[in-house]
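Q: Those protein sequences? They're chains A and B, same order as listed.
Under our numbering, the letters of the first sequence match residues 1 to 140, in that order.
Under our numbering, the letters of the second sequence match residues 1 to 158, in that order.
Everything labelled a hint here was simulated from the structure, so no lab data went into it.
On a predicted model such as this, the values are computed, not experimentally measured, just so you know.
Honestly, I wouldn't trust all of these hints.
Simulated pairs of lysine-lysine, DSS-like, Cα-Cα distance not exceeding 30 Å [claimed, not checked]:
| # | chain 1 | residue 1 | chain 2 | residue 2 |
| --- | --- | --- | --- | --- |
| 1 | A | 75 | B | 132 |
| 2 | B | 125 | A | 65 |
| 3 | A | 136 | A | 75 |
| 4 | A | 65 | B | 145 |
| 5 | B | 90 | A | 65 |
| 6 | B | 149 | A | 65 |
| 7 | A | 6 | A | 75 |
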Amino acid sequence: MGITTKALLKSLWVFHLSTGSCNNCDIEVLDCLTPRFDIERFGMKLVGSIRHADVLLVTGSCNRKSAERLISLYKEAPQPCLVVAIGECSMSRGIFMPSYNCPRPLDSLVPVSAYIPGCPPKPEAIISGVVKLIQKIKGK
Amino acid sequence: MKRKQVLQDLTTRFKQDILEVFDKSKTRVYIEIRPEAIIPIARYIFKDLDARFNIASGIDTRKFIEILYHFTFEELALLISLRVKLDRAKPAIDSLTPVSEAFNWIEREMHELLGIQFKGHPGLKRLLLSDKWPKGVYPLRCDYKEWDKTAIRDRGVK
Numbered sequence: 001m002g003i004t005t006k007a008l009l010k011s012l013w014v015f016h017l018s019t020g021s022c023n024n025c026d027i028e029v030l031d032c033l034t035p036r037f038d039i040e041r042f043g044m045k046l047v048g049s050i051r052h053a054d055v056l057l058v059t060g061s062c063n064r065k066s067a068e069r070l071i072s073l074y075k076e077a078p079q080p081c082l083v084v085a086i087g088e089c090s091m092s093r094g095i096f097m098p099s100y101n102c103p104r105p106l107d108s109l110v111p112v113s114a115y116i117p118g119c120p121p122k123p124e125a126i127i128s129g130v131v132k133l134i135q136k137i138k139g140k
Numbered sequence: 001m002k003r004k005q006v007l008q009d010l011t012t013r014f015k016q017d018i019l020e021v022f023d024k025s026k027t028r029v030y031i032e033i034r035p036e037a038i039i040p041i042a043r044y045i046f047k048d049l050d051a052r053f054n055i056a057s058g059i060d061t062r063k064f065i066e067i068l069y070h071f072t073f074e075e076l077a078l079l080i081s082l083r084v085k086l087d088r089a090k091p092a093i094d095s096l097t098p099v100s101e102a103f104n105w106i107e108r109e110m111h112e113l114l115g116i117q118f119k120g121h122p123g124l125k126r127l128l129l130s131d132k133w134p135k136g137v138y139p140l141r142c143d144y145k146e147w148d149k150t151a152i153r154d155r156g157v158k
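This is chain A alone, in the form it adopts within the complex (with noise of 0.2 Å):
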């Protein structure tokens, strides 16, 4: 393990990136990062700008008008950018797989490194996919 992937695990910052979802991944998202469930002692943080973040954390289903902003700040984020589909919508589009707005999923867009599927995923699921991510950046 090189010192760049040593230092990206140490401390993985996270921009969050909603593609039209109904906002309770977000939610359970934020409740991640409340004293309860704290996933900051893993050094995860929320920033402010994909240019400071390694992991780029997507909830809903990518409908026409998002999937350009969200190529668009794939290609801005400094690499190695991990993804993280975060809920049944940003994996499948669930209800929305026929709608007229969302044409095509999250990862024929962008190549998505871990999936964590739950409608809303509990934050005990978000923290255990995250370690998951975590051990696979490690064993590459």
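Given chain A, put chain B in place with the hints provided.
A: What follows is chain B alone, placed relative to chain A:
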């Protein structure tokens, strides 16, 4: 004014323009009107009777394109829905935006999603759909067909 008076006032004042009054429940009345008369009736309800304009909803019912303008009378706990039926081939109606700015965005939304022409609207441009959406395709019409060849309509599980 009481509920009964409001309804009586409307039906006598706009006798020729009201086609049907459907008194659904204590709190809900549907009034079907001729599309040509929308401006005077809506102006009277909105400005003179001081009702709140809640929202308008457009529906494609296969026979007609319907618009329901929902007005609420809060002190009477009454919701009056003005129903207009428009020709499906070329739906057009007078815009209510000159009456009040409250009608502006919902008319733009109905214009892009259902293809209703609002005559006299000051800026009938796109509100919600993406810029790449083709012209003349209205997603909330019954006969909407998928136009995007790149769309993926499965969940990636075979």
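Q: Mind listing which of the numbered hints don't hold for this structure, in increasing order?
A: Going through the list in order, the structure violates no hint and respects every one.
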